[in-house]
Structure formats: C-alpha cells, structure tokens
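K.L.:
This is what each chain is made of:
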Amino acid sequence: MTRPGLVLEVDDRTPPLVVHEGLGFRLEDFPLGTRVIYPPESLPAIRDVEAAIRDALLHPVDSDPLPERLFAGMRLTIAFDDVSLPLPSMRRPDIRQRVIEQVLTMAAEAGVDDVEIIAANALHRRMTPAELEHIVGERVFRSFHPQGRLYNFDAEDRDALAHLGTTELGEDIEISKRAAESDLLVYVNVNLVAMDGGHKSVGIGLASYKSLRHHHNAHTMVASRSFMDHERSAMHHSAWRIGRVIKDTVNVFQVETTLNNDVFPAPYEFLMKREWEWSVRDQASMLAVRRGLALAPQKLRHKLFHDLRAPYGLTGIAAGEVEAVHERTLERVHRQQKVEVQGASDVLVLGVPYLGPYNVNSSMNPILATCMGLGYYFNSYLNHPLVRRGGAVILYHPLDEGFNQLHHPSYVDFYEEVLAETTDPAVIGATYERQFAEDPWYRHLYRTSHAYHGVHPFYMWYWAAHAMDHVGDVIWVGGDRRVAARLGFRAASTLADALEMASGSVGTSPSITYLHNPPHLLADVRV
Amino acid sequence: MILALEMFRSLPRTVAGRAVGARVPGLLSGFAAPLRLVTLDAPVVQRPGWARLRTRLSGICGSDLGMLSGRTSLYFSAVVSLPFVPGHEVVADLVEDCEDLPAGTRVVVDPVLTCAARGIEPCADCARGATNRCSRITVGDVSAGLQTGFCHDTGGGWGQQLTAHRSQLHPVPGGLTDEQALLVEPVACAVHTALRAGVSAGDRVLVSGAGAVGLFATLALRRLTPAAEIVVVAKHQHQRDLALALGASDVVAPGEALRRVRRSTGAFQLRPELSSPYLLGGVDVAVDAVGSRRSLETALHATRAGGRVVLSGMPAAADLSAAWFRELDVVGSYASAQTEPGGRSAFDLALDLVGDPALAAVAAGVAAYPLHRWREALDHAHSTGRLGTVKVAFDPRRTQ
Chain L
1 MTRPGLVLEV DDRTPPLVVH EGLGFRLEDF PLGTRVIYPP ESLPAIRDVE AAIRDALLHP
61 VDSDPLPERL FAGMRLTIAF DDVSLPLPSM RRPDIRQRVI EQVLTMAAEA GVDDVEIIAA
121 NALHRRMTPA ELEHIVGERV FRSFHPQGRL YNFDAEDRDA LAHLGTTELG EDIEISKRAA
181 ESDLLVYVNV NLVAMDGGHK SVGIGLASYK SLRHHHNAHT MVASRSFMDH ERSAMHHSAW
241 RIGRVIKDTV NVFQVETTLN NDVFPAPYEF LMKREWEWSV RDQASMLAVR RGLALAPQKL
301 RHKLFHDLRA PYGLTGIAAG EVEAVHERTL ERVHRQQKVE VQGASDVLVL GVPYLGPYNV
361 NSSMNPILAT CMGLGYYFNS YLNHPLVRRG GAVILYHPLD EGFNQLHHPS YVDFYEEVLA
421 ETTDPAVIGA TYERQFAEDP WYRHLYRTSH AYHGVHPFYM WYWAAHAMDH VGDVIWVGGD
481 RRVAARLGFR AASTLADALE MASGSVGTSP SITYLHNPPH LLADVRV
Chain W
528 MILALEMFRS LPRTVAGRAV GARVPGLLSG FAAPLRLVTL DAPVVQRPGW ARLRTRLSGI
588 CGSDLGMLSG RTSLYFSAVV SLPFVPGHEV VADLVEDCED LPAGTRVVVD PVLTCAARGI
648 EPCADCARGA TNRCSRITVG DVSAGLQTGF CHDTGGGWGQ QLTAHRSQLH PVPGGLTDEQ
708 ALLVEPVACA VHTALRAGVS AGDRVLVSGA GAVGLFATLA LRRLTPAAEI VVVAKHQHQR
768 DLALALGASD VVAPGEALRR VRRSTGAFQL RPELSSPYLL GGVDVAVDAV GSRRSLETAL
828 HATRAGGRVV LSGMPAAADL SAAWFRELDV VGSYASAQTE PGGRSAFDLA LDLVGDPALA
888 AVAAGVAAYP LHRWREALDH AHSTGRLGTV KVAFDPRRTQ
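First to last, the sequence lines map onto chains L and W. Residue 68 in the working numbering sits at position 68 of the first sequence; the count goes up by one each step and never skips. Position in the second sequence (from 1) plus 527 gives the number in the working numbering.
The hints are simulated quantities; they were obtained by calculation from the structure and are not laboratory data. Any given hint might turn out to be false.
[What the hints assert, rightly or not] Here are some of the chain W residues that sit facing chain L, going by a computed Cβ distance under 10 Å: (1) V779; (2) E783; (3) R787; (4) R789; (5) S791; (6) A794; (7) F795; (8) R798; (9) G808.
Positions of the beta carbon are idealized from the N, C-alpha and C atoms, including for glycine.
With the rest of the complex left out, here is chain L:
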C-alpha cells in the first residue's frame, strides 16, 4: 500500500519545490495538480553494526557459516563494489570496510594466508589509492595495498581473465581468473537501489567486455522493464543466466548490505524533507546554501558537493547463497524506497543532481546527465513507467559541466564524433561500439590511468535507450541548447516553456508527475 504522505498533489498552499540541477538546485513552482512523489522517510538504522555483520556471516542464508568455509592453505578472494556505490560516498567507516575486516578476522583465525582483495570495477575507472582506502579502511589498505594484494580489477589483462564457458544463449562468461580459481570468493556489496546486487555483483563487476557486451547493449536495455526489477529486466535475465553458470563453477559467498535514505549531511538535511514541512531553521539553511552556491565559482561548488559524505545507516545485511541473499536485500530496498503510485502521467519531471555512479570525484558531463535522468531516474519504477508511452520527460540540468579528460576521454570522442552522426542507440552500437571498445589508447588509459573504458559512454547511452524508446519528447530546462541538440533533445529556459514545447505531444493541460529525488525512491506504478 502507499506509504502515507509520500504522494502529494500541488495545490494553492504548496510552496515551491526543490529541483536538483547539477551543482545546485532551484525552487520551482509547479502547476496546480502536479503529482509529487517523495522518497519515503529514512528507516531506522541498525545500532550495533558489528554484531549485525557477525551475525550475517555466522548465520548465512542457504550456506554454511563463513568460518566453516575457511581453511588453512586455501585461496580466498574478497571482491567489493567500487566507488560508484553508494552515492554520495559513505562517511567513514564504509560498510564494506566493516564487513571486510570481519571476514579477514575470520580468515586469519582459520589460518588463511592467501588473500587478495579486488575492487569489482568492471569497465569503470581504476580507483585511486585514496578512494580504495576510503572504502576498505586504513588498516586493510595498509596491510594489502603495498603488497599488491588489494587492487582494481583489470578487464583488459588477458592473462588475469578466465573464460568459464557460455550460457544456454551463447553469452560468454569471462571474469577475473583469481576470483574464478579461488577456493572461496566473498563478494561484499552495497545495495543502494534495487538494480544492484544478486548475480549482477560477480557476473558484471568482475567481468570483461567480452562478457558484458551480451547484456550491455541497446536491444537489451530497450527490452528491460525496468532496470530496477530484475524479473522484468532483460539485462538482469542475462546477468542471472551468467550468474548461475558462475555459481556452478565458482564458490561464491555473497554479502549484501542495504542503506537507509540518510543521504545529505548537515547543513543540507533540509533537502531530505518535504518543503511544506520545513522548519524556520530549514528555511534559513536553504537560503544560506542557495545564496552561497550562487556566489561560489564553479570549482568551489564542485568541491562543496563532491566533498559531501553521506551519514547512511545500515538497514540490513544478509550473507550466503547469492539468490537467497538477494531476495532479502530486495525486500529491504523496497521497504525503504518503494512508493505506490496510481497510473502514469503525460509528463514526468526529473531533477538531475550533481552526482551519478560514474562521476564520483569527477564532472557530470552531458552524456552522464542523460544517463542519470533517462537511465536511472526514468527506470526508478516497478510495473509501468511513470510517464505514458509517447509522453514527455522534462529534466533539469545545465548540460555544460564539461568532460573530465582524465576520467572520460572516450566520452569526448563519443560526443564529438558519434553523437554528431546519430543518436540512435542501436545504430550507435552497431556502427561504433567495437571500435571504441578495442581502441588501444582507451585500453591503455583504462589500464594505467584513471579512465573509464573506451566503451563506457556507449553503455551510458544505452541506459537511456528504454526511455528514448518510450517517450515522445525530452526537454532540458536550463540546459545548453547546443548541447541538448547534439544529444538529440531540446532545451527550454523555464518549466512553462518546456510544457509549451511539449504541448504538441501531450496537449496543453497534461498530467504531470514530479519525481522528487534524491534520496532515491522506487515508484510502484499501478495502472
């Protein structure tokens, strides 16, 4: 059932609502009758985190307790979700650090001394030592990193990959050789949204392009309903097929953790509250932050936002067999994020914030903004999209934050060359993907610098494929017109202009839904 107070209709008394737009936010007056979907309130956090972790490891689901699976002389590999999770990064200590420390303690007690710790970054950029240390903690970092036993996964190191065969549909399964050949692989996950975890952890996080290309493509993305529903997501179907083969070959012990909605620390807590419930102090904070952001230069605003560390609380942890663990995880994620919504609307409004999974400590370029809006937020639904087929999506983002040459070199070429020719994800994939994926320079930068893999911008564009296929209009409020045009979209100065522009497809009195995030929410849309 709908959680009370989470879906609101704008009326005369509704104050302007916060809409995120890159390195800032605006207060927007929405038309009367606009449906606003707020994230559910944050669930209470587990007080004794250490005890919860220990309990999960000692009482796993459909598995022997972890200590019983550890023995002297064994090869133990611990893999963990990379810097793309959670968003924003968690305040120290990161939950992965706490889990890894307990796993290592148990391993030491069992006399295990062949341990390697791998960041499951797949085709994401290599994390810096500081970023690794933030996740695993100072002690683990100091004990493993200097010896080369804590490292980023390298999907282009052919000697370090193992081909485990193919699925019944011919999908290649190629993952980290160390992980595949270990006596036990412990995967430490952070489930921020329903898309994470399950067979996506090992099957994607430790996989190479050869394996990923089978589900990271436009066809699969368009066929997914949605990415947050693994039972209706073609991408997850593929990951599950792959995961089940891995399960038969590799001894996996999955640890999944879920977080509450405590995303913004002081003085930004007001962003997690409903505007009509803001106290005087909240309003003063909002004014101070807005004034400060307006005066701050771009670099300072970037620093202010990217230095944020979220005070997340742990809502649950489960360990053991992958699928059984994931079921429990999804139940907790749904409890925190799911909001029941009746019916789709003509227009969906989304604010794209400063941060997505692929610009941590980096910039949100226009391709990533598209991925964040049309990939992640559009797909934040169960059953049916929040906007009807042929409707309009209105997004807020300046689309001008530039490309980070260190992290996103292939994005620049993708934007300048590929999008100049076509924006059709299927055509782009068929025509250009292979060339970017196999480009030796991108490979070099991925392996030795901190660049996302050459094919990564394609994946970002594919994320948006389902939305692009579903809606008739995509309009960016406040977006650079030239950039929007390059992306195949349109730009408007105001919401009123955007609605006017969309009136050709949705009429002059459309029904409007505003998805009020972050924090994250999952709209369970009933038609």
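Fit chain W to the given chain L structure using the hints.
P.N.:
Leaving out everything else, chain W in the frame of chain L:
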C-alpha cells in the same frame, strides 16, 4: 598599352606587411599592399617560341596573397624580378600564332619558366621532365622569375596581356568553360601533390586544409592514388560538402583532427607541456594544404612514424620535432612537372580531372572581378572560406 596590376618594390609596405600581414591580411592587401593598377606596354619577348596572350581569367592564389601581405619568406626574393605583374593561374587567348598553335587558340599556362622557355640547354631536371625543379630560373632569355606572374619580362595574368612560351601552353578542350579551365593550373599542382605523396594501397591520408589546394588535392588523391581513407580538415560547411563530393572519406573540424585521426588509427595521443598534443601512430600520409604553422603541425603530429608529410601550401615556420623523432619523410610539392610518374604531364592529367561534376560546381562558383576592383577582389580572396567561395579571379576584359 595594357591595364595591369603591378607589384613593385616598397620597403615601407614590405616591412608593414611582415609586421601585421599575418594578423590583418585583408586590411593590408586592400590598402597597404605593394600593388598598383597601372598602364604598361604589353609585354613582349622577342625570342623564338614566345607569343602574346590576351587574358580571359586569372586566379588569385594563396601564394599571391602571401606575397602581398608580406608573409612569404625572403628566400624567394632572389627568384623574382620586380616590378612584375602577378597572376600565374591563367586562361588566355593567343593573340598571335605560336608555333603549331594558331592565333585565337584558348590556352591555359603552365607558369614554370623552364630551360625551354629561357632558350638555354635543358638542365638535368628539365631533361627528365621534372620541370618544376629547373635549376636555371634566373638566367636565359627572360629576367629572373620562378614562374610567369613573378617575372618582370613576361607579364602575368593580372594584366590584360602577357607573353608565354610554347612549352608553357596547353590548348583548352572546347567542352570546358573558362572557369573550368582556370582550375587546370591549381589542379595540376594538386596532381603533382598527390603523386608526390607516395600513397600505397590501403593508406590512410590526412589533408589538412580545405581551401582550393586541399580540395583539389583531395580529388587528385582519390582519382590517382590507391588511398583507402582520406580525412580532410575543413573549417566551413561548404568546404565540408565539397570535400566529401571530391572524394573525402571523412571531414573533420580543425580542432578535432588529431582526435579523429587518433581514434580511426588506434594511435596514442600525448600532451606535452605547454605545447600542442601529438600522436604516436597516425595516418600514413599527411598533406599540409594551408601552409600555416597550425596546419603544418597538425600534419606532422598526426602522421605515424616513418610516414610522409607533403608540403603543398607554402610552409610557415613550425616545430619540426616530430619529423626528427618520428623519422617522417617531409617532402615538398611545388607547382607541377611535365613528366609525372606514369609519364604524362600534370596538366594533361588535370585536364582530365577538371571535367569532374564536383569541380564543375566549384568552377560555377568562381568569383571574377575587373582589375580596377582589385582591393575588393583581394579581400574576397582572403575570406574565401568564410564567404563560401573556392576561387577568386580577375577578368581583365571586364570593366564592371
């Protein structure tokens, strides 16, 4: 007496040209160039094989503009004879019989003043048909001058009449318009450039620049060489369209050239400190069809080790580190030869090429000015890219 534009010796104007010519070329050539409209005796060379011509059209070439705006190296001061009437891209009618050609024949002029034209024994290069490499361009029957249009005695196309030697003349087939014939000389240079490029089957070629030189080189490379991929660097939309029509595989903007080459060739891009980026790897052959420092460095920086860079535009000073470090073959391409690889002359090959439909479109867009509107013509020629023109010319027959 004839009306002609004459380039004369002027130290103040030359100094001014060298000081500001590169920055404000239009202003300089329009108001401060060492050029004047004068009335002269028609040029005559009283030697066998020479005849007078009446100019129909004469193009304004990049080298003419460089000379007028003071950007040309003083290296060339020894091989010209001031004052002279510029204009070496010439379509003209014979005023009198010239050996086997009767008066009234419409001809185009190969401007190089070779041993044959100078009435002396052929030097080694002329003897084997490499007439553009003639070693005796300062002696013989006429004054020093590397070409018609840079020689005091012969006159040039920017006058109502000039004189030329039979060895320079190529009759124009009846099917060609004057504008198409005007393109024969620059296309012949492009033919020579394409053949100097030493392109092998499957080679990737970069043409840096899409002015007349770059566009015609693109056509010649596509028609006369087995190049697999020809990427043209073009600034303006009409140049992009023309480059594609003339045979380019791909067209890129100047700022994107290196990145596009890097991706299409799988090269590595490096970014040196306080300098422009360059590639390790790249195209097999690059043609600098502009002559600016930026264009030349683009060509040098985008060519693979052991590749070839062809200087088609008159080159500016540039950082040649890549030529040394990458062991590049840097070759010049000057004018055209009477015997190109394959045995035919560049002009014969060019006469075959100017019938190309895409070139016909270029010819149809030739902007022709009467001599007295020379300031306007030069300004137009300085801005051809921006104004959508490929070739600007003088028509000395016109009064309006």
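K.L.:
Does each hint fit the structure? Answer for all of them.
P.N.:
Hints versus structure:
For V779(W), the shortest C-beta to C-beta distance to chain L is roughly 8 Å, which falls under 10 Å, so the interface hint holds. For the restraint placing E783(W) at the interface with chain L, the shortest Cβ-Cβ distance is roughly 6 Å, inside the 10 Å limit, so the hint holds. For R787(W), the interface hint holds, since its Cβ comes within 10 Å of a Cβ in chain L; the closest pair sits about 6 Å apart. Among the interface hints, the one on R789(W) holds; its C-beta lies about 6 Å from the nearest C-beta in chain L, closer than the 10 Å criterion.
For S791(W), the shortest C-beta to C-beta distance to chain L is roughly 8 Å, which falls under 10 Å, so the interface hint holds. For A794(W), the interface hint holds, the least distance from its beta-carbon to any beta-carbon of chain L being 7 Å, beneath 10 Å. Hint on F795(W) holds. Least Cβ distance to chain L is approximately 5 Å, under the 10 Å limit. The beta carbon of R798(W) is positioned within 10 Å of a beta carbon in chain L (closest approach about 9 Å), and the interface hint is therefore held.
For G808(W), the interface hint holds, since its Cβ comes within 10 Å of a Cβ in chain L; the closest pair sits about 8 Å apart.
In terms of the numbered hints stated before, the structure departs from none.
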